[in-house]
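*Asks:* Chain W: place on chain S using the hints.
Here is what each chain is made of, one letter per residue.
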Amino acid sequence: MRFVDEYRDAEQAQALATQIAALCEPGRQYKFMEVCGGHTHTIYKHGLEDYLPENVTLVHGPGCPVCVIPMGRVDDAIAIASRPEVIMTSFGDMMRVPGGDGSFFDAKAAGADIRMVYSPLDALKVARNNPDRSVVFMAIGFETTAPSTAMTVLRAAAEGLTNFSVFCNHVTIIPAIKAILDSPDLRLDGFLGPGHVSTVIGCRPYEFIARDYGKPLVCAGFEPLDILQSVYMLMRQLAEGRAEVENQYTRVVPWDGNARALRAIGEVMALRPYFEWRGLGFISHSALGVRDAYAAYDAERLFDVPGVRVADPKACQCGEVLKGVLKPWECKVFGTACTPETPIGTCMVSSEGACAAYYNFGRFQRQRLTEASRV
Amino acid sequence: MCLGIPGEIVDVAPGPGDLATVDVAGVRRAVNIGLLADDPVRTGDWVLVHVGFAMSKIDEAEAAATLHLLRGLGQAYTDELSALADSDIS
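Chains as they are written, first to last, in the working numbering: chain S, 1 to 375; chain W, 1001 to 1090.
Rather than coming from a laboratory, the hints here were simulated on the basis of the structure.
Only a predicted model underlies this, so the values are computations on that prediction, with no experimental measurement involved.
Cβ coordinates follow ideal geometry from the N, Cα and C atoms, glycine included.
Treat each hint with caution, since some may be false.
Label pairs and their calculated CB-CB ranges [as the list claims (entries may be wrong)]:
(1) S:Pro26 to W:Ala1037: 51 to 57 Å
(2) W:Gln1075 to S:Ala293: 37 to 43 Å
(3) S:Ala109 to W:Gly1074: 22 to 28 Å
(4) W:Gly1044 to S:Lys314: 51 to 57 Å
(5) W:Asp1079 to S:Ala293: 32 to 38 Å
(6) S:Glu159 to W:Asp1079: 25 to 31 Å
(7) W:Ala1013 to S:Pro313: 25 to 31 Å
(8) S:Pro26 to W:Asp1086: 53 to 59 Å
For lysine to aspartate or glutamate, the following EDC-like pairs were computed, each having C-alpha atoms within a straight-line distance of at most 16 Å [to be verified]:
(9) S:Lys125 to W:Asp1088
(10) W:Lys1057 to W:Glu1008
(11) S:Lys31 to S:Glu54
(12) S:Lys125 to W:Asp1086
(13) S:Lys125 to S:Glu159
(14) S:Lys327 to S:Glu159
(15) S:Lys31 to S:Glu49
(16) S:Lys178 to S:Asp189
(17) W:Lys1057 to S:Glu49
Example chain S residues on the side facing chain W (calculated, C-beta under 8 Å, incomplete) [said to hold, decoys possible]:
(18) Gln29
(19) His196
(20) Glu223
(21) Arg260
(22) Ala261
(23) Val325
(24) Trp329
In isolation and in its complexed conformation, chain S is listed as follows (with noise of 0.2 Å):
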């Protein structure tokens, strides 16, 4: 209770608990993914697990952008920022990323020049300031954030701007979730599907897990109470026997999403035959690149970029907790070698990948609780 601090939510929080509980048929394990990094936050921020019965968990799926990023795809990165005329533009949460030799942080360190930006735009302003240089924008998210990069790619072309490129590591989530329910690995009970995504692709991209699938989903707010509602919603539909996409965002999301948003996207992007995602491996059409229209915009034709493919680190587990197979605090490395501070894996980076928001809230109680249940 001490987690959802006002009275009136945890108030509400504890009614839904109560429903989600009544709605358990005795014996039967359910076991819900969310598939954003926000959502990860959320509920370790408000300890929403424990208004959950014990039946019922919740996994923490591939939906942090800077958690996916192959380390192949950083050092090519960096073999772009480290050419003298270059100037490279990321966003913070990058800058940490590790790569097979080091991460933006440490390039920029070695001399490469490197710097961060809060939007593509800003990225854009540096180019029209730096005409002698040639300004890369290190494009990553979701389709929360393509249209952004696209958006700015067809500005640059509208300005003629010679000097912008953007290295595009753009993904979609729809082939990841794919890629989740085809793996052997895990038996998943429902979705709740990505808030901001969905604000632009809307919610009918996700019909094929209920109708091939036989799983529902449902496009959940990012509030504590949004979630336990969303997985109050996932409980119904399942003891009702259904098997739907239902939108509990609606303050946000329209069913039908952002039509100029997906447009940019078409306009500018076209989707890769494959993209390697870290901890997941290659998936098919999983990824999008600069289309041939917009080769003057793309970083990775301007330029010779190794293109190596490197293997994540041993004792790193981020491809299990990227799937849900592994809790963070399962991992070998968790808390110990791999900390916010020190990172091995992409998940303990950024604030949004499920390590580091555990190491940040739930570490110590989780590993108490983990404790007493060996007893």
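*Replies:* Okay, now just chain W, sitting in the frame of chain S:
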């Protein structure tokens, strides 16, 4: 990066840049509103801002609730807000 930060539109600038000034927790910065052109934003509207782009319109109550939630995130929110404060889109 994935945090959507609520802001209030305080000025809409005409022109090809599709820019508007938003007030985000007291910080005023330019953002792009081109993705909302099908339902144009006006002064006084609340929007969720992702990496310099207004991505969806929300009502004031939702904005207040989201801000409350974000403040509770601590460091992740402060980082995002200070990144926004350094932003200088034009």
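*Asks:* Any hints this thing doesn't respect? Which numbers, in order?
*Replies:* As far as the earlier hints go, 7, 14, 17, 18, 23, 24 are violated by this structure, in ascending order.
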